[in-house]
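Trainee: Given the coordinates of chain F, assemble chain B onto it according to the supplied hints.
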Amino acid sequence: MTGRPTKRPVRPAAGQRAVPVPGKTMIRLEGTAARTMRLGHGRLLAVALMFGIGFCVLAGRLVELTVVRGGDGAVANLVPGTIAARPERADIVDRHGLLLATNLSTASLYADAREVLDANRAARRLAKVLPELSLAATAEKLRSDKAFVWLKRNLTPALQDRIHRLGIPGLYFREEQRRLYPHGALAAHVLGFTDVDGNGIAGVEKFFDEELLRRGHAGAPLQLSLDIRVQHALRDELGAAMAKFSAVGAAGLVMNANTGEVLGLASLPDFDPNHPGASPVTSRFNRTSLGVYELGSVFKVFTLAMALDSGTTNLSGSYDASKPIRVSRFTIRDDHPKKRRLSVPEILIYSSNIGAAKMALDVGGKTQRAYLGRFGMLRRPALELPEVGAPLSPSPWRDINTMTVAFGHGLAVSPVQLTSGFAAAVNGGLLLPATLIRHQPGQRGLGVRVIGERTSGQLRRLLRAVVEKGTGGKAEAPGYLVGGKTGTAEKAGVRGYRRRALISSFVAAFPINAPAYVVYVMIDEPKGIKETYGFAAAGWNAAPAAGQVIQRIAPILGVRPVHLGGPAKRQAMAVPGQGGERKVAAN
Amino acid sequence: MTSFARTDTSVVGRWWWTVDRWTLLAVGLLLLIGSLLTLAASPAVAERLKLESLHFIQRQAIFLLPALLALFMASLMTPRGVRRISAIGFVVSLLLMVATLFIGPEIKGATRWLQFAGLSLQPSEFVKPFFAVVAAWMLAEQHREGALPGNLICCLLYGLVTLVLILQPDFGMAVVVSSVWFGQFFIAGLSMLWVGVLVLLGLLGAVAAYATIPHVTIRVDSFLDRASGDTYQIDRALDAFGQGGLFGRGPGEGMVKRVLPDAHTDFIFSVAGEEYGLIVCLVIVALFAFITLRGFARLLREEDLFVLLAGAGLLTQFGLQAVINIGVNLDLLPTKGMTLPFISYGGSSLIALALAMGMVLALTRRRPGGGGGP
Chain F
1 MTGRPTKRPV RPAAGQRAVP VPGKTMIRLE GTAARTMRLG HGRLLAVALM
51 FGIGFCVLAG RLVELTVVRG GDGAVANLVP GTIAARPERA DIVDRHGLLL
101 ATNLSTASLY ADAREVLDAN RAARRLAKVL PELSLAATAE KLRSDKAFVW
151 LKRNLTPALQ DRIHRLGIPG LYFREEQRRL YPHGALAAHV LGFTDVDGNG
201 IAGVEKFFDE ELLRRGHAGA PLQLSLDIRV QHALRDELGA AMAKFSAVGA
251 AGLVMNANTG EVLGLASLPD FDPNHPGASP VTSRFNRTSL GVYELGSVFK
301 VFTLAMALDS GTTNLSGSYD ASKPIRVSRF TIRDDHPKKR RLSVPEILIY
351 SSNIGAAKMA LDVGGKTQRA YLGRFGMLRR PALELPEVGA PLSPSPWRDI
401 NTMTVAFGHG LAVSPVQLTS GFAAAVNGGL LLPATLIRHQ PGQRGLGVRV
451 IGERTSGQLR RLLRAVVEKG TGGKAEAPGY LVGGKTGTAE KAGVRGYRRR
501 ALISSFVAAF PINAPAYVVY VMIDEPKGIK ETYGFAAAGW NAAPAAGQVI
551 QRIAPILGVR PVHLGGPAKR QAMAVPGQGG ERKVAAN
Chain B
1 MTSFARTDTS VVGRWWWTVD RWTLLAVGLL LLIGSLLTLA ASPAVAERLK
51 LESLHFIQRQ AIFLLPALLA LFMASLMTPR GVRRISAIGF VVSLLLMVAT
101 LFIGPEIKGA TRWLQFAGLS LQPSEFVKPF FAVVAAWMLA EQHREGALPG
151 NLICCLLYGL VTLVLILQPD FGMAVVVSSV WFGQFFIAGL SMLWVGVLVL
201 LGLLGAVAAY ATIPHVTIRV DSFLDRASGD TYQIDRALDA FGQGGLFGRG
251 PGEGMVKRVL PDAHTDFIFS VAGEEYGLIV CLVIVALFAF ITLRGFARLL
301 REEDLFVLLA GAGLLTQFGL QAVINIGVNL DLLPTKGMTL PFISYGGSSL
351 IALALAMGMV LALTRRRPGG GGGP
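Residue numbers (the working numbering), protein chains in the order written: chain F, 1 to 587; chain B, 1 to 374.
Read the hints as simulated data drawn from the structure, not as lab findings.
The structure displayed is predicted, hence computed values, not measured ones.
For every residue, glycine included, the Cβ atom is placed at its ideal position computed from N, Cα and C.
Check the hints yourself; a few may be wrong.
What the hints assert, rightly or not - Listed next, the in silico BS3-like pairs over lysine-lysine satisfying Cα-Cα at most 27 Å (straight line):
| id | chain 1 | residue 1 | chain 2 | residue 2 |
| --- | --- | --- | --- | --- |
| 1 | F | K146 | F | K128 |
| 2 | B | K50 | F | K146 |
| 3 | F | K206 | F | K152 |
| 4 | B | K50 | F | K141 |
What the hints assert, rightly or not - From chain F, some residues computed to sit far from chain B (all C-beta separations above 12 Å):
| id | residue |
| --- | --- |
| 5 | S144 |
| 6 | G184 |
| 7 | I201 |
| 8 | R374 |
Isolated chain F, as found in the complex:
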């Protein structure tokens, strides 16, 4: 392969001239040679031009890298012992912009062990300022000959100053961001916490780990749907109920009934995310979103919803609840037996297991599962937390399961699922995914229709009746038209159900004529006390706790109280097929 484009017959040309060139030979520059030189010069110019462009591109890129998008501080992280801090995590704020999590710059002490002259002496002197450090371990680190060893993270300025004054060579400080939760344990199970290196390892901190770093760059806080005032009221009342009834735990949720936004989410016991290690590991268990429980009679709301919505019965229907149902080795009986035929509203108001079971059998297992699926009871909810539990449903789903699920046994769901489903039952029939992120004003949730509006309206009236006349009486918060349902379930143990270990819960919406918020309260293993005549059922503990929560948060949330005496209101909420004003003993 030879490119010889300029090879032409050589002939003497007119412009011949002698040119002295280095060396002894004289080359005659001929026409062709002159042309070659001209071409060469032209092409050299082209090459030079390309180089010129190339260098300009390099210069431009340099300006871009250094000035235009310079200084994000990423390289410094890779090298321990630098002054620059890692990129800051974004703050987390509540729906009104109140600070839930932020950062604090602190100094952390490390050593370049190669520069330490006398490891033992340095360790001894350091131990005087930081007595919590083990002398042997520190000396070991200082002898290690490593360029970087942590000695103590996140010092106070006073301690930093004292260590600085020791003047030990080889000891250095590095500025670090420490995550700080100003409200302590208040929203612990929502926020989660970070490890010492600032990586989210639980809660929102973990779920939005990357998002928080990204926002940190942009300087935009992460806004949650929580309302810290609601959260405080909820956690406070849960704590009071838990103490009063000597319970092992409690869970609570406040949700916007029309958007799915979570305004309060608490699980007790909880922990201080500033010092997560100081609490027992069990306190980090989120009963509200991760725990799944057989929640008992609260499920009757769904049973009634599907029966009314599918038309297998109506408000004037009735079921015989005079004697327990026996199916193989199971017996289904009522906790408050009326020993008579009960109307459909009465089944809910008196919480009849027998009635609910029969009602569900009428609906049929397949339809029941379809409805429960639409209510979100059969799949893991999409809440923005890593700690979200998946429901446990019976398999295979036999008739006996249809009957037990009708009153909330045999299907374990998380309180988050239950609350979302309940919201759908009362808000007109739309299921909205529970979310911890604040909706923009005016933003409508993408609801999925679960039941018809009419059914939802019927349920609202029935739920009001439960509070007015039924098991939920103690949940009343005067003026706020509470409607809800109790649920008392025995906890499943190794050998069948444990009769004395209960899950008591109350789920409520207010104001029930046009639900704005849904409140859920669960008390884990409440004990009967003198005041409750030894009873530990939901009507005695979860219901009043929920009432207290509503009493406190309704004014905060701007829900106007209504005068109950007005006949119009009573008329609007009257339950057909329910004679007179018979008041039943609560529970």
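Mentor: Chain B alone, transformed into the frame defined by chain F:
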């Protein structure tokens, strides 16, 4: 250096008045900056390799004087002398390069070095400039009446050099040698048809290298798609420029030199970016551009084909190496080990570059009837 009278006709005196003093100044500045940056970058690397802190600095200092000498001596030569030295140098260094295949120790998967007396030598660094001059000679011969079949010889020699380079293997060097060789052919008046064919062949070669050589595939992939591969080095380099900003973090304050294994060679420009900032980096780029383009400008007045081709070849090699190295540092090109002329650490590279630049100075000196002036 002002004590040479215009009438001084000694060798040095004549040299002073005919050599391109601006280029000389620019090269001197590059060497100065290079020494500074080696001082900055290499102790961190040496410490990481558990060598004495000043290991690389001492070695570079050992090479500095010979390099300056080589630069000066080479620039004293006449074009004919350049040709002669290059012919001899080419043969010797090619033989040494072949020898590396058999007796060279394997370092990082390649046999490119010969070791003696505690110093290691990379013959391919010397082959590069010598081959450029020899190729220029052969191409010029083609245009002389009744002379050698220059083009053919040139092609054969090129094939030989690239073969050995690929056997080593040293693809980066092969790319530079090929580009310079092609550039010289282009300037020598290659017909556009052949230009097209060679460009096509070059592209084919690149695609073939991408398809068959795993580490080339990885590097190109990770360049094209950040997520696909390990982009640690280049990410750190980019961070370094961001950290440096306009004026840099200050001498010795850089961090990138502590994490990048090749901070004293391939990524020294990033160290400059971090510690000294945009302005010094722009000065470095400007110096490279100045030397390259000024050299070209002087060659434009040159009437001797050999001088034109040899000078263009050497300058192209110099400029290309700078552009590729800086381009890699700035993430404009896939990662490719390539030293930054006069700045990166490396004895063989330094001396070979000094020699090459000396030859450029020799070729662009003002001669009666030649180019290079005024």
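Trainee: For S144/F, is the shortest beta carbon distance to chain B beyond 12 Å?
Mentor: holds (15 Å)
Trainee: Beyond 12 Å from chain B, beta-carbon-wise, is G184/F?
Mentor: Holds: least Cβ distance 37 Å, greater than 12 Å.
Trainee: Quickly compare the C-alpha distance for K146/F and K128/F to 27 Å and report which way the hint goes.
Mentor: holds (23 Å)
Trainee: Are the Cα positions of K50/B and K146/F separated by 27 Å at most?
Mentor: Given pair K50/B, K146/F holds - Cα atoms ~12 Å apart, limit 27 Å.
Trainee: Would the least Cβ to Cβ distance between I201/F and chain B come out above 12 Å?
Mentor: Non-interface label on I201/F holds, nearest chain B Cβ at 25 Å vs cutoff 12 Å.
Trainee: Can you confirm whether the C-alpha distance between K50/B and K141/F stays at or below 27 Å?
Mentor: holds (20 Å)
Trainee: A cut-off of 12 Å on Cβ-Cβ distance, and R374/F was said to be off the interface with chain B. Does that hold?
Mentor: The claim stands: R374/F keeps its Cβ more than 12 Å from every Cβ of chain B (closest is about 39 Å).
Trainee: Verify the proposed pairing of K206/F with K152/F, using a straight-line Cα cut of 27 Å.
Mentor: The given pair, whose Cα atoms are some 25 Å apart, holds under the 27 Å limit.
Every hint, counting from the list given before, is met by this structure.
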